[in-house]
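Plus 1 on top of the position in the sequence shown (first one is 1) and you've got our numbering.
Just so you know, the hints here were simulated from the structure itself, not pulled from any lab data. Even glycine gets a Cβ: it sits at the ideal position worked out from N, Cα and C. Heads up, some of the hints might be wrong.
Estimated spans, in silico, between C-beta atoms of each pair [claimed, not checked]: (1) ASN190 <-> LYS250: 47 to 53 Å; (2) PRO49 <-> LYS79: 19 to 25 Å; (3) GLY333 <-> ASP249: 22 to 28 Å; (4) SER48 <-> VAL153: 26 to 32 Å; (5) LYS250 <-> LEU42: 16 to 22 Å; (6) LYS331 <-> ASN84: 47 to 53 Å; (7) LEU51 <-> PRO223: 30 to 36 Å; (8) ASP249 <-> PRO340: 22 to 28 Å; (9) LYS44 <-> ASN190: 40 to 46 Å; (10) HIS178 <-> ARG324: 29 to 35 Å; (11) ASN102 <-> LYS250: 32 to 38 Å; (12) SER186 <-> LYS332: 30 to 36 Å; (13) LYS250 <-> ALA107: 29 to 35 Å.
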Amino acid sequence: MQICRSAATVIPGAHDLVRGRNPNRNMERLKETTNVFDTKLYKKDGSPVLNSKIAEDLAGMVLEAGDGPLESRVNPRKLKIKNGVVIDPIDYKNVLESASNDSDLAKKESEAATKFYDLLINGPIGTLIISVSPPEGMSPYKEGRINVGFKVNDEDIEFYGIPTHFSAKECLNWAVHLTEFSDLSILTNNPDDLRNVAIPVNLPENLTPWVFLSNFAPLDSPVWQKINEGAPWERKEEALKDASEIADKISPMIDKAKTEREFVVAGAVGEQDMQNKGWILNALACVGLFNSQLLGNYTTDAFGGIRIIGEGKLVKNCGNCKRSLNMYMKKGDKCPHCPGVYEGC
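All chains should be built: construct the whole structure from the sequences, respecting the hints.
If you want it as C-alpha cells, here you go:
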C-alpha cells in the first residue's frame with residue numbers, strides 16, 4: 002500500500018453540513034476518493050488478510066503523516082530483489098503492482114518508479130538511486146518527497162521516503178545539483194519534469210551514501226545524519242510494535258467487511274488506536290482523507306457533489322494547539338495535529 006503519496010482528489014465541500022437519507026449508498030460513491038489507509042486493498046485479490054502487512058502500513062502511515070520534525074517522519078523499508086523484480090518481502094508482491102496510469106501524474110510517477118527499480122536491479126552492490134517528487138505543480142502534494150534506494154547486496158534494498166519542505170523550485174535546484182555527481186543530466190526549468198526521473202548517484206568509494214549526501218546534498222533537515230545513525234529504523238520498530246497489536250484487532254474486521262462503510266470503520270479503529278498510543282496523524286501531511294475523517298453520513302447535493310453530514314459539533318480550531326480543524330467532532334475525539342482531546346461544550 003502506498004501511504005501519503007498517491008494522486009487523487011479530496012472530497013469537495015467535505016465539511017459541509019447537509020441532511021442525508023442513505024449513507025451506505027452514498028458511501029459507495031466515494032470509492033474513487035483517496036483513502037490514506039484503504040483497508041479494501043488487503044482483500045483486493047482474494048488472498049488472506051495479512052496482519053503483518055496491515056501493521057507495516059499502519060506504522061508507515063503514522064510515521065509519514067506524523068506532526069514531528071521532518072527527520073522523524075522518514076518511513077524506511079526493506080525490499081528484496083527476486084527473479085529480476087523488486088518485491089515487498091511481507092506479501093511477496095512486485096512493488097510496481099500498484100503503479101497506475103490513470104492520469105498524467107500517475108504515468109510520470111510510474112515511469113520514475115520503473116526506472117528507479119530497474120537501476121537498482123541491474124546496478125552493482127552499493128548502487129544509490131534518488132527520485133524527487135516536488136510539491137504542487139501538476140500534483141496535489143503540499144510537500145516534497147525524496148525517495149532513496151540503496152542496494153545493500155545482490156538481494157537487499159533499503160528504501161527511504163523522506164519528506165521535505167523545499168518548494169518545487171528548490172526541489173529542482175537540489176536535483177540539478179545532485180546530477181553533478183551523476184551521469185544523468187537534468188535540462189529543464191519545470192519542476193514537474195522531475196516526476197519521471199530517477200537519478201543514479203556516483204558514490205565515492207570511501208564514503209557511505211549518508212555521509213556523502215550530508216556533505217554534498219543536504220536537505221532542510223538533518224535526515225542524512227539520522228539515517229546514518231539508524232534512527233529511522235528504531236522509530237519504525239517502535240511504530241511496528243504498536244501497529245502489530247492493533248493489526249491483530251482490526252484484521253478480523255477487515256476480513257468480515259463487505260460494505261464500504263465496514264472497511265472505513267475498520268480503518269478508523271486502527272487509526273484511532275494508534276493515536277491512543279501516542280502517535281499523531283496530521284491531516285495536512287497526506288493527499289486524501291483518513292478513515293476517521295470519512296466516517297459519518299454522506300448525501301449528494303443538487304449539483305451532484307458528495308457532502309458530509311458531520312456527527313457532533315463543527316470545530317473550527319483546536320483549543321490546545323490552535324491549528325485549523327473545520328471538522329465535526331464528538332466529545333473525546335482527538336485533534337489530528339496534537340494530543341489535544343475535544344471535551345465538547
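Evaluated hints:
The hinted range of 47 to 53 Å is satisfied by ASN190 and LYS250, whose Cβ atoms lie roughly 50 Å apart. Between PRO49 and LYS79, the C-beta spacing of about 22 Å keeps the proposed range 19 to 25 Å intact. With their beta carbons about 24 Å apart, GLY333 and ASP249 fall inside the hinted range of 22 to 28 Å. A hinted range of 26 to 32 Å for the beta carbons of SER48 and VAL153 is consistent with their spacing of about 28 Å.
A hinted range of 16 to 22 Å for the beta carbons of LYS250 and LEU42 is consistent with their spacing of about 18 Å. Range check, LYS331 to ASN84: about 51 Å between beta-carbon atoms, so the 47 to 53 Å window is met. Distance hint check for LEU51 and PRO223: the Cβ-Cβ separation is about 35 Å, which falls inside the suggested range of 30 to 36 Å. Here the CB-CB span from ASP249 to PRO340 is close to 25 Å, well matched to the stated 22 to 28 Å.
Checked against the hint of 40 to 46 Å, the C-beta distance between LYS44 and ASN190 comes to roughly 45 Å, which is consistent with it. For HIS178 paired with ARG324, a C-beta distance near 34 Å keeps the hint of 29 to 35 Å intact. Between ASN102 and LYS250 the CB atoms are about 36 Å apart, so this pair conforms to the stated range of 32 to 38 Å. Taken as a hint, the range 30 to 36 Å is violated for the pair SER186 and LYS332, whose Cβ atoms sit roughly 58 Å apart.
The given range of 29 to 35 Å is respected by LYS250 and ALA107, whose C-beta atoms sit roughly 33 Å from each other.
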